[in-house]
Amino acid sequence: MGSTGLSSAAMVDIACSNSGVNAKLQSGEYQKKINNFLILQDTSTSMAETLIDSATRDTKIEYSRGLLNCLNDTLPDDYTANAGLRNFGFMTADVGLVYGMGGYTKEGMAGAVNSLVGTAGVTPLSKAINFGSMDIKDVTGQTAVILLSDGVNTAGPDPVAAAAAMKEMYGDNVCIYTVQLCVNPKGKETLEKIAEAGKCGFATNGSAIGSAEGMEKFVTDIFLAKAPPKKMAEPVAPKPDLDSDGDGVPDSRDKCPDTPKGIKVDSNGCPIKIEEKISITLLIEFDFDKAVVKPVYHNPIEKLANFLKAYPDKNVELEGHTDSIGPDDYNMKLSKRRAESVKKYLVEKFGITGSRIGTIGYGESAPVASNDTEDGRQKNRRVVAIVEATVTK
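If you read the sequence shown in my numbering, its first letter stands for residue 6, the second for the next number, and so on.
Errors might be hidden in some of the hints.
Said to hold, decoys possible - Beta-carbon label-pair distances, calculated as ranges:
| hint | residue 1 | residue 2 | range |
| --- | --- | --- | --- |
| 1 | Ser216 | Glu194 | 20 to 30 Å |
| 2 | Gly126 | Asn40 | 28 to 38 Å |
| 3 | Met174 | Glu194 | 16 to 26 Å |
| 4 | Asn273 | Asp82 | 57 to 67 Å |
| 5 | Asp82 | Gly126 | 50 to 60 Å |
| 6 | Pro317 | Ala242 | 36 to 46 Å |
| 7 | Asp271 | Lys349 | 29 to 39 Å |
| 8 | Ser370 | Asn304 | 23 to 33 Å |
Stated by the list, open to error - Result set (DSSO-like, lysine-lysine): computed pairs, CA atoms no more than 27 Å apart in a straight line:
| hint | residue 1 | residue 2 |
| --- | --- | --- |
| 9 | Lys338 | Lys295 |
| 10 | Lys269 | Lys204 |
| 11 | Lys204 | Lys142 |
| 12 | Lys235 | Lys38 |
Don't read these hints as lab results, they were simulated from the structure.
Since the structure is predicted, the reported quantities are computational estimates derived from the model, not experimental observations.
The beta-carbon is built from N, C-alpha and C at its ideal position, and this holds for glycine as well.
Model the full assembly from the supplied sequences, consistent with the hints where possible.
Next comes the structure, spelled out in structure tokens:
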């Protein structure tokens, strides 16, 4: 695609496209490696000079702006990162940051690039790098700092020392890249040393990235990384043939899953159908004047519930009883409440349908022990259930 320039200010128009980097990401061969990037653009007086290696006699700033728009066009679609653009020369710290640091958009970056319409002043490379260090102080993750200049430092302290200080401040989280906009040997040496101070970036010349192919390589080298090789799928171990219901028949052959425990089954895991007399007795005792089922009786009730689940055509009647203490009428109601309490336990804890459970209260009329002793009265405070039938099981 062409440059996304928004201004009529002069620049070199480099036809660039992000189709290549998009394809690299979509293939899974590459992945994003940069969370933030900051561009430091030289706009000093020397950037108005004509490039001696340019056939079209472009100025350095015209060519540099063309490169920045090409970079913007080459970045992948929907590339999420924090971005900034700082120009330096006559600009102060307050106005030199013309874009960011903030969420990157192609439109925002293009507008910032096309605002760079003037050149003036000296070339304070060190000051630009120091300001850049402050620009990225609040971001997290991997940061790329990209410096575009002719490299001819004409003001301030040593820029290589400033780059080393930036590296010391941010460590492995920052890499510095430099792009020279001329062929000045001294400037080339300075920019190479700045990149070397960053320890993980590189230096290049604008002529090397002034084409769609060159810029694609530049963007790939800075913004992308080879994705780690995909792990080969490990051979899937055969699943063990489980016996989920514990009836002795593996799940792979069990035609009657979830058989209640204790039920005899055939070779298909289904309950054996034999006719026989069965008898299940439930006996639960209660505290004086109470109808609350105590936790100690959970297991006996569960056994009755399992039986009812295994034989859904069978019902049960719960008989409630009391000791002889208290009025007959009160004890009759209390014995009924005890039977209802056990019924509720079967329904709520084990999902037995309430219509299969009958309840009746006998009050104190059917003692099983003497009411003259505490031990005897305890035995009489009870709920019993006796299920007797000839069943096919």
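Inset, instruction - Check each numbered hint against the structure and report the violated ones by number, ascending. - result: Structure breaks hints 5 and 10.
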